[in-house]
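Produce the entire structure from the sequences given, and follow the hints as far as they go.
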Amino acid sequence: MDLTLDAETVAVESSGDVARVVVDRPDRLNALNVETLGALSDAFDAAEAAGARAVVVTGAGDSAFVAGADIEHMSEMDPPEALAYAEAGHDLCRQVERFPAPVIAAVNGYAFGGGCELALACDLRVASERAVLGQTEVDLGIVPGWGGTQRLPRLVGDEVARRLIFFGERVDATDASEHGLVGEVVAHDELDGRVDDLAATLAEKPRHAIRAAKDAINASHESDLDSGLAYERRTFAGLFGTHDQREGMAAFQEDRDPAFE
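This note's numbering numbers the first residue of the sequence shown as 1 and each following residue consecutively.
Any given hint could be a false lead.
[As the list claims (entries may be wrong)] If you anchor each label on the Cβ, the simulated ranges turn out as follows: (1) ASP6 to THR201: 26 to 34 Å; (2) GLY141 to GLY241: 31 to 39 Å; (3) ASP6 to ASP255: 47 to 55 Å; (4) GLY168 to GLU35: 22 to 30 Å; (5) ARG94 to ARG234: 38 to 46 Å; (6) THR149 to ALA187: 31 to 39 Å; (7) ASP6 to ARG163: 25 to 33 Å.
Honestly, the hints are just simulated from the structure, not real lab data. Remember, predicted model here, so these are calculated numbers, not experimental data. Don't be surprised by glycine CBs; every beta carbon is placed ideally from N, CA and C.
Rendered as structure tokens:
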């Protein structure tokens, strides 16, 4: 898989069918300004064009995943400028959420505000034991603006989300795991290896089935139960007759490893 990106604030690497997207502003704790939002969007476009079967998102350095949106950049905004900034953040998080393969957030440090929202848009979140997460916007006189008020309650439940947002609370990796905000906590020096293993395993799964599963799960957050169940039935049936369905079932019956496309 060939990945190229001409950007100063985001780096893209590849290993097999896995793309690794790194926010590269360690001097600013990887805070997201307009330039970096655009570079992240370009990185996901490049990963999709290259056919990535899994993507890992993380931050450069040893302190932060993404410490948040760039407060210095936001401090002088008027409402129209703030709306444009919110729309850019929303567009990126939707792009991540709808990416046609699993996206894993490797939360290696601080993930506040927009950084936490970027992690929420990913399919899976694995945290270093050093990670600290939170929707901290209230202490800046604002609210989450890139999807936090919507995705966080869906992930951790209404009561926990209200507490995290109302108090602007910062939670360590252990508490984040107990809340369901991250799915797994590992030793700091084991984070990259663990996430790489997960991504490599996902990249070996049948591409169309994984994408269909992701789309169906996403649909469950955007529709009522009956509509979601109807979507699932159509998705389930639509995979029959594909190479991967026939190969997966034949391999099961023949007690061998499947050769997926």
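Checked hints:
1. ASP6 to THR201: 26 to 34 Å: holds, 31 Å
2. GLY141 to GLY241: 31 to 39 Å: Violated, at about 55 Å.
3. ASP6 to ASP255: 47 to 55 Å: holds, 48 Å
4. GLY168 to GLU35: 22 to 30 Å: Since GLY168 and GLU35 have Cβ atoms about 26 Å apart, the given range 22 to 30 Å holds.
5. ARG94 to ARG234: 38 to 46 Å: violated, 22 Å
6. THR149 to ALA187: 31 to 39 Å: About 32 Å separates the Cβ atoms of THR149 and ALA187, which means 31 to 39 Å holds.
7. ASP6 to ARG163: 25 to 33 Å: Violated, at about 42 Å.
Checked against the numbered hints above, the structure violates hints 2, 5 and 7; every other hint is satisfied.
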